[in-house]
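Novice: Listed below are the residues making up each chain.
Number of protein chains: 2
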Amino acid sequence: MPVTYETLLNSDLPSLRKAVRFGKYTAHTAGLGRGLLQANLAILSKSYALDFMRYCQRNPKPCPLTGVSDTGNPLMFTLGHDIDIRTDVPAYNIYRNGLLDDTVSDISDLWTDDLVAFALGCSFTFEHAIQQAGIPLWHIDNNKTVPMFRSNIDTVPAGPFSGKMVVSMRAIQQSRLAEVVNVSRRYPLAHGAPIHIGDPAEIGIMDIGHTDWGDPAPVGDDQVPVFWACGVTPQVALEAAGLPLCITHKPGYMLITDIAEDAEVPVISAHTPTHDHNQQGEKS
Amino acid sequence: MPVTYETLLNSDLPSLRKAVRFGKYTAHTAGLGRGLLQANLAILSKSYALDFMRYCQRNPKPCPLTGVSDTGNPLMFTLGHDIDIRTDVPAYNIYRNGLLDDTVSDISDLWTDDLVAFALGCSFTFEHAIQQAGIPLWHIDNNKTVPMFRSNIDTVPAGPFSGKMVVSMRAIQQSRLAEVVNVSRRYPLAHGAPIHIGDPAEIGIMDIGHTDWGDPAPVGDDQVPVFWACGVTPQVALEAAGLPLCITHKPGYMLITDIAEDAEVPVISAHTPTHDHNQQGEKS
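If you're matching them up, the sequences are chains A and B in order.
The numbering of the first sequence is our numbering, which starts it at 1 and goes up by one.
The numbering of the second sequence is our numbering, which starts it at 1 and goes up by one.
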């Protein structure tokens, strides 16, 4: 029996994870697991893992690395006591040779001893902090997806990974700009401070009404467009690299971790690493 | 002709780097390149690079990764416009099978296409910030090495890398504790906030007068011992792993980068990646 978003809004973490793991919840995770770090996902062959990790280290604002699995071990033990990356994300995109091939809710049959899973911080974290500071975010209040653009800023390449930085835009009142910068800067694992404030043309965005991803959003007369590095950047770099196999989360359908979203370090203290791949429940 | 520490104190970065590169300065770097990020160094075979990078990601407080070279490329182009890791550190320790084998000022003859260089943030950065806040640090004022201890805190393992966390201790006035925590927390790439404040026994240190590395330091009646994660931790993990070859900086003899020590991200914006290994000057 499926579980509704409304039910999960008030669920504890074990119930939430169980609903996702057993395929009873396969929708977006915005607002779920309040206070917990959510993460983007990229799974790839160990042959590309070192280069991808270098790409993340060199581009920490679009690609803030929050966790890396052992090769072949689907249990992401640094991010939670019981996270199985094969089942614990509501929806996965499967890319083959750089092209989207399928979207599924379980990748148990695709997981092999060759794979490494990467978790990357996402914007939910700093958006919560901005909202808690009493600053409204239009796309959330209007139930839209944040506007995203391909900028003209080059990322620093590593191996087969390169490309332009994707940015997200939020319109902020002029009087609250400094506050928004200070608040988001406190979350280096969630894109940190803005990458650009003001004229979109300066970073190669010619028409702010025409988004590359997400929905357009208005910029009021007393507002300034503020641009943050966006987690779509590594997705674009992965697609362009054209790896034989790459698995990501479906955008908006994130991994919910055990880590507090304001944690200084995204690692649980009492970890229990294990290489037993078969002890976890499978989705039915 | 050797260059003295006093001369380099007032030198610009190109002169400083040249003195180190050409073997004219082979001593410690504390206080040099004021305002620039200094880094610990670890060089190892690409066969261990992914596991070492995972070890750093899982233990970011003792092992804050600030740069990773391409495999076989000695130019660390994310940390500076002209950094050759074979020559630009004043002194290197060469470990073979986990044992210190030699200390040299140039590793050009040891560098191969198999090697990867890692730069890790060091405590100089947050110490400067604490001093600038007007809080005295005894070991600096008395020209001693900070006291360091092997704690009972386990690091999170990755492949062959594991071990207890090494911590450094600074005695801080009770009234300035909160300030010290807040200041150091702002530098996640330089060990961040303290790992422990107060009773040394709680983290397995039975006699604060008996250091495992560095010099003992007094703790005054109105002071509290404050412990930070220490960059000796990865050195100990590397020694214990017993790799056939591992090259580190000689403690205190750091890599001076082009990056401002308060930079949000340790990556230069206008990078010029190059794989030409032979364009750099060699030490004479």
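Hints were generated in silico from the structure; no laboratory data involved.
Treat each hint with caution, since some may be false.
Below 30 Å or equal to it, Euclidean Cα-Cα: the simulated DSS-like pairs (lysine-lysine) are [to be verified]:
#1 B:Lys164 <-> B:Lys24
#2 A:Lys250 <-> A:Lys46
#3 A:Lys18 <-> A:Lys46
#4 A:Lys164 <-> A:Lys46
#5 A:Lys18 <-> A:Lys164
#6 A:Lys164 <-> B:Lys46
#7 B:Lys144 <-> A:Lys46
#8 A:Lys46 <-> B:Lys46
#9 B:Lys144 <-> B:Lys250
Novice: The structure should be examined with respect to each hint, and the outcome stated for every one.
Specialist: A quick look at each hint next to the structure:
1. B:Lys164 <-> B:Lys24: 37 Å, violated
2. A:Lys250 <-> A:Lys46: 22 Å, holds
3. A:Lys18 <-> A:Lys46: 29 Å, holds
4. A:Lys164 <-> A:Lys46: 24 Å, holds
5. A:Lys18 <-> A:Lys164: The given pair, whose Cα atoms are some 37 Å apart, is violated under the 30 Å limit.
6. A:Lys164 <-> B:Lys46: 28 Å, holds
7. B:Lys144 <-> A:Lys46: Violated - the C-alpha atoms of lysine 46 of chain A and lysine 144 of chain B are around 44 Å apart, more than 30 Å.
8. A:Lys46 <-> B:Lys46: 13 Å, holds
9. B:Lys144 <-> B:Lys250: Distance of about 16 Å is within 30 Å: holds.
Hints 1, 5, 7 from the earlier list are contradicted by this structure; the remaining hints agree with it.
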